[in-house]
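Peer 1: Sequence:
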Amino acid sequence: MPELPEVETIRRGLAPRLTGRRILRVDLNRPDLRFAFGDGFAPALTGQKILGVDRRAKYLLIALEGGGVLLSHLGMTGRYSFDPEPKTHDHVVLHLNDGVRLVYSDPRRFGFMELIAPGELTQNRFLAGLGIEPLGNELSGAHLAHKFAGRRTPLKAALLDQRIIAGLGNIYVCEALFRAGLSPRRLSGTVKGARAEKLSQAIREVLQDAIAAGGSTLRDYAAADGKLGYFQHGFDVYDREGQPCKKCKKTIARIVQSGRSSFFCPKCQR
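Counted from 1, the sequence shown has number 201 at position 200 by my numbering; the numbering is strictly sequential.
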């Protein structure tokens, strides 16, 4: 599933191509993705001018001149492209006034779109209750220490809690914990002071590095221009079970926490 760096990379690819364009026609090649579109979906988009493309956590937010917002989640295999040739699994096509076709394809159809009415963005069911943005100014050691205080939840699980930090996923939490020298099994309530500050810096840095690399392409992900991400070539721990740690040469370990794989160095991470 695309994580924050992949979604941000897609946003940066879409924004200059979409901003200021008008949607002339919307083709829905099926009635639903993960959720049904509804009868009013295509008519409500038709004729709208696109004001900008933003991101909240792992959601793309396309702002429309009427005040509404098109929210989009890519699920596991969702992808946007400016593709002139129809292909299998092209489910939504936006025809723009410059002759460009913005195509959303999704073989597994775990992604979804929802049109949010003007003034209802913060109350939306997917956005309400989300925590801070990890690339925003609110992320700090003090913030993490406050949120983790008294918790006996494993640190890995706490970082994946979208109510604390919005948009963090399994790959980048594993990588950030390695950079911070913290075990995914450590109790989150013990992360305070210098540890919390080092973790906040590691989170920000690993996300920035991943965005600079165009994200990570493990299976289906590609940016809107078709380019693949290459951050996966620099993973320190993720998906490196049995390989030597790049720092100490001890073998990278893998455990399962809440149904997800955690990769870490038993020596470097405490």
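Hints should not be assumed to be uniformly reliable.
[Stated by the list, open to error] Taking lysine to any residue and the SDA-like style, the derived pairs with C-alpha atoms no more than 25 Å apart in a straight line are:
#1 K148 <-> N171
#2 K50 <-> A146
#3 K88 <-> R126
#4 K148 <-> R126
#5 K148 <-> E198
#6 K199 <-> P245
#7 K88 <-> A37
#8 K193 <-> A146
#9 K199 <-> P267
#10 K148 <-> R196
#11 K250 <-> C269
#12 K199 <-> R126
#13 K88 <-> G67
The set of hints was computed from the structure by calculation and includes no laboratory data.
Peer 1: Which earlier hints can't be squared with this structure?
Peer 2: Those not satisfied are hints 2, 3, 12 and 13.
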